[in-house]
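So the sequences go chain by chain: A, B and C. So for the first sequence, the working numbering puts the first residue at 1; every next one is plus one. So for the second sequence, the working numbering puts the first residue at 1001; every next one is plus one. So for the third sequence, the working numbering puts the first residue at 2001; every next one is plus one.
Just to be clear, a hint being listed does not mean it is correct.
Said to hold, decoys possible - No more than 27 Å apart at the CA atoms, straight line, and that leaves these computed lysine-lysine pairs for BS3-like:
| hint | chain 1 | residue 1 | chain 2 | residue 2 |
| --- | --- | --- | --- | --- |
| 1 | C | K2134 | B | K1190 |
| 2 | A | K54 | C | K2371 |
| 3 | C | K2163 | A | K2 |
Don't read these hints as lab results, they were simulated from the structure.
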Amino acid sequence: MKFLAYLVSGISLGSIYAIIALGYTMVYGIAKMLNFAHGDVIMIGGYVSFLAAKNLGVPPLVSVLIAMAVCTVLGIVIEALAYRPLRSAPSLAVLITAIGVSYLLQNSALLIWGANPKAYTPVVSGTLQLFDGQLSISYISLLTVACCIVIMVALTLFTGRTKMGKAMRACSEDKGAAQLMGINVNRTISLTFAIGSALAAIAGALLCSFSPALMPTTGSMPGIKAFTAAVFGGIGSIPGAFLGGILLGVIEALARAYISTQLSNSIVFAVLIIVLLVRPAGLLGKYTQEKV
Amino acid sequence: MKKLSKGARSDLITYAAVILAFIVVSVLKSNGSLNRSQSGLLVPICCYIVMAVSLNLTVGILGDLSLGHAGFMSVGAFTGVITAMSLMNVIPSVWLRLTLAMIVGAFFAAVIGFLIGIPVLRLTGDYLAIVTLAFGEIIKELITCLLVGVDSEGLHIIFNVSGSKTANDLKLLEGGRVIIKGAQGATGTKTIASFTAGFILVMIALVIVQNLIRSRQGRAIMAVRDNRIAAESVGINVTRYKMMAFVTSAALAGAAGALFGLNYSNLAATKFDFNTSILVLVFVVLGGLGNIWGSIIATVVLYILPEALRGFANYRMLIYAIVLIVVMLATNNPVLKTYREELRAKFSRKDKKEAADT
Amino acid sequence: MKKALVLILALTMVFALAAPSAFADGAFKLGSSGPLTGGAAIYGISVMNGIQIAVDEINAMDDGFQFEFMSQDDEADSGDKAINAYNTLMDWGMQVMAGTVTSGSGITVAAQAFDERLFMLTPSGSSVDLIADKDNAFQVCFTDPNQGVASADYFAANFPGAKVAVIYRNDDAYSQGIRDTFVTEAAAKGVEVVYEGTFTDSTSTDFNVQLTAAQGAGADLIFLPIYYTPASVILQQANAMGYAPKFFGVDGMDGILTVEGFDTKLAEGVFLLTPFSADAEDARTQAFVAEYQSRFGEIPNQFAADGYDAAYILKAALQAAGCTPDMSADAICEALIEVMPTISVDGVTGSGMTWSASGEVSKAPMAVVIKDGVYVTPEF
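Okay, chain A solo, but in the shape it has when bound (with noise of 0.2 Å):
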């Protein structure tokens, strides 16, 4: 029993970090770029939903889609300012630019929200008892389990099926091609960037609702874990990132509770490295062999 309650912790833990993969991987997918800033995002994300459930006495389901339209807004207008000048830029400087838009937003947060954290009141609270009360589990899991599958689904239809979706897989193969096909490159990239701060949004509100303490650095090591676990599923595939954040998520649970809890990071990590030696391109990724 005990065993599946550290799963449980580990899914609910796993689904947080593939829904901020997610998003990691649709602009790495189409930019070709790691948004360092993306978790920063969420930590504002996390900040506007809080602000708004508290000053503004919405509903948590409102403040997370004020949370959303703010971030989106954000996402589009980083994505202008700092990241479209520099799309022929070598991909080390649009890094380091990225770097640079993530020490922005946590300062800022920091002198306009100060530095005393702040409690996020979960957006549903209670617990599931099963079991007789032998394995209990909170409906923020539950339902971050659940967003997390319907974000992938959609995703996944979003990116198949429709005409924005198919040009968004076009600019990922060649963004030069697809501006010759009609495509308007800078519109789907913006596009793209929207779409992964939307996502940031949400993982913000299920982040902080599942570990409430809200600080100018709550987005940053998350963000950096769930950019391991979409490289961990293969960097630029959409169930690649679910998968690797599921697994990512129950690995460190269940290293913490059975090897040592001192090094659980580290066990998340060599198991990475192992897996990355075996498959070069992740779980899911697609290993192109590269040709003369």
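Put chains B and C on the given structure of chain A with help from the hints.
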């Protein structure tokens, strides 16, 4: 032939500039023109220059993005501190101990670099980046579990995985001292690092890296970066050259770490986290990939910048972030680039003439 | 090269813009460093706010005693940032230091201050290594072992037969330090520790595993020698899984009720050992809390109180030693070392605080329990 001599010339200019900078700063320091905070920055700047130059070898010359460079610095720092502290009674000479510490730090970092290099260098791109990040984090967590002490019987080392051991479990004899205390890191270190040592380390790093770049091996490494398949097909042993660059880079980072560790009486393993790796990467990218001279300038400027911004109190890091973004945009934006080149052509006839010639 | 030029240009602009610091005559230059940015910023900012209030109050008094105060950011780093902040303060002409905020940077700075003979009184740096073998370093807060021992004593006296689980942060010297002495003392006093779980800064979002394991081990009392930010997460997650043991914290737990949006019902029945209580009845504390709230819009935590006391302690010591603002830092240091063991100061974190020559403070730790969102004295 002309190109080679040009390369050698720019190397010499780099050496000369660094030596000149050292002389100028030393003179300023000795006649009291530098205030405390300025002279306090000298040793860490030297360490970070070596870090940036060595990371440039991996990222710029070898072309592999490493996000775990601080891990090697950490290995060097802690092995270096252990060496210097445990030999304190045996070797009275500060210089000898410092040199030994840096050599030991470099050696252990190189060994770890080699071990990590075996899996890491089989990967490419972002996968390689994430694995180096993973190793950096693993090194950090392992060192947090380390308890080391020394007494007349020698070194006592406990690896505190369960978390239940304390420094008392080292069972040191009378007169023994604890060198590394788990979460607290290296504590009670006698600081023996100096600016002169830092300068010598920078020179050594420059000589090693610049000579490597200009050598046959260096050209092989750059060939691997530019086109791995082509390099392989002309008989270059890709793994060997990749490993050579990676291990050299790790060793230099280890030496820098040892110097850094011996400059502060207390140093926690959490200092060498992902953010420190990113910091050094920022130096390298801003200085220009493969541009050793650029790495040095970028390190100096970007390390001083947050200190210079102290006058802004709370807005310090915010301004730092904005400067970082603006500099990246200004130096990489194609529109601005063209504009700048036009501007230069307008102002400099010589450039214009040259442009017309070619 | 172009990049280098742009960079240098940016740097010069920054230098040109940076404002020179104000200069006042006849005031002691009081400096402090602590994390003002980054993940530990809350502690540094609280201490600085506390010191600032005390300094303003002291300067407003009509007794001719003046402080000039400067704070610097050390990002809670034990290496270069700590020394850079310290050097900046020394360039400014710091004569006494009310720092540092965190233990890690404190140990680094104390070693240098010892060599240079600068007096330092750390508001919240609680490690023993900070004051060990340094005659110039004193503390306002309890040392870590002190708290570990006091907690173990309290458990043995008040919770006989309790099964204790400890959850602590093993990459933090403060948390590890308290845990080490607590576990040793607990074993000696017959307090049963059934489970120990750790976390690090990077795994401080999820405690479900540790809580499940503690529950499985039958723990009915969880000892949390950690700061209140992760503690608030633990309380929330324990509540979400329906696990309700007694929780017991130390001074780092103080502040949990000030977290904006925190459901104080979650902290109902939490014990903590703290020298400061914002609900205390005495006029001094109430005046401090009111002033802090009106200036910063928050209820002060123990860090702010430590900072507030540090300034008053330094004033008392400087006056007792007969120091004047024109004295050099090392002369002040020697004079203060002489008087510190002889003075007794009343502050918001304890009345009749005295110091041993080694730098340790002696004041009574107070066990409180949270009831209806306020601290009350526990009854058994």
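Verification of the hints:
1. Restraint check: the Cα-Cα separation between K2134/C and K1190/B comes to about 14 Å, which is no more than 27 Å; the hinted pair holds.
2. Of the pairs offered as hints, the one joining K54/A and K2371/C holds, with about 24 Å between alpha carbons and a cut-off of 27 Å not exceeded.
3. The hinted pair formed by K2163/C and K2/A meets the criterion: a straight-line CA distance of about 19 Å does not exceed 27 Å.
Comparing the model with each earlier hint shows no violations; every hint is respected.
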